[in-house]
Amino acid sequence: MTAEAPRPPLPPFSEATAREKVRLAEDGWNGRNPEKVALAYTPDSKWRNRAEFPQGRKEIAEFLTRKWNKELDYRLIKELWAYTGNRIAVRYAYEYHDDSGNWFRAYGNENWEFDENGLMANRHASINEAPIAEADRKFHWPLGRRPDDHPGLSDLGL
Numbered sequence: 001m002t003a004e005a006p007r008p009p010l011p012p013f014s015e016a017t018a019r020e021k022v023r024l025a026e027d028g029w030n031g032r033n034p035e036k037v038a039l040a041y042t043p044d045s046k047w048r049n050r051a052e053f054p055q056g057r058k059e060i061a062e063f064l065t066r067k068w069n070k071e072l073d074y075r076l077i078k079e080l081w082a083y084t085g086n087r088i089a090v091r092y093a094y095e096y097h098d099d100s101g102n103w104f105r106a107y108g109n110e111n112w113e114f115d116e117n118g119l120m121a122n123r124h125a126s127i128n129e130a131p132i133a134e135a136d137r138k139f140h141w142p143l144g145r146r147p148d149d150h151p152g153l154s155d156l157g158l
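Residue numbers (the numbering used here): 1 to 158.
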């Protein structure tokens with residue numbers, strides 16, 4: 001249990017509130033501010049992200065700092081897959097390039113578990129990525145929040 005202010009929407013989730021939570025997470029990650037993003041997680045949150053297992057906000061912020069220093073021009077789309085009670089499953093894709101200008105698209109699934117205040121206590125991510133040609137990119141909005149009229153994953157055939 002945390003003594004922090006609630007971060008709505010709160011569990012138990014409805015379809016509408018689960019979709020809202022997913023979009024808020026997407027918006028946060030697209031903002032690429034590690035310290036701000038880390039505040040969406042419980043102080044002792046546990047992650048599984050590929051071969052890394054950050055725990056707590058400090059390690060999460062450090063992980064995200066490394067990630068976004070390496071994954072340049074990062075743009076992410078998340079989509080609700082399923083929800084129940086205090087859990088949400090999402091699928092997502094993101095595009096970025098490395099410091100040599102090579103582009104990649106990563107695909108993944110996440111399982112999220114929230115505390116009663118709407119903070120994520122557990123995040124389990126499975127991710128695969130593939131190199132793509134710059135001409136094959138599908139995420140073309142300006143850096144930051146994805147515009148509301150930009151297609152989602154299903155609309156893009158991803």
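These are computed hints drawn from the structure, not numbers from a lab.
For glycine and all other residues, C-beta sits at the position ideal for the given N, C-alpha and C.
Treat the hints with caution; some may be incorrect.
Said to hold, decoys possible - Computed Cβ-Cβ distance ranges for the label pairs, DEER-style:
no., residue 1, residue 2, range
1, P8, P43, 37 to 47 Å
2, R145, R48, 19 to 29 Å
3, D155, P43, 30 to 40 Å
4, P8, G101, 22 to 32 Å
5, S100, L10, 40 to 50 Å
6, L153, N122, 35 to 45 Å
7, P8, A135, 38 to 48 Å
8, K36, A16, 29 to 39 Å
9, A135, A5, 22 to 32 Å
10, R145, D98, 17 to 27 Å
11, G56, E134, 16 to 26 Å
12, E15, H97, 33 to 43 Å
13, P43, N102, 29 to 39 Å
14, T84, A133, 23 to 33 Å
As the list claims (entries may be wrong) - Taking lysine-lysine and the BS3-like style, the derived pairs with C-alpha atoms no more than 27 Å apart in a straight line are:
no., residue 1, residue 2
15, K36, K70
16, K70, K138
17, K58, K46
18, K138, K58
19, K58, K36
20, K67, K36
21, K58, K70
22, K46, K67
23, K46, K70
24, K46, K36
Could you check the structure against the hints above and give me the numbers of any it violates, in ascending order?
Per hint list: 1, 4, 6, 8, 9, 11, 14 and 18 violated.
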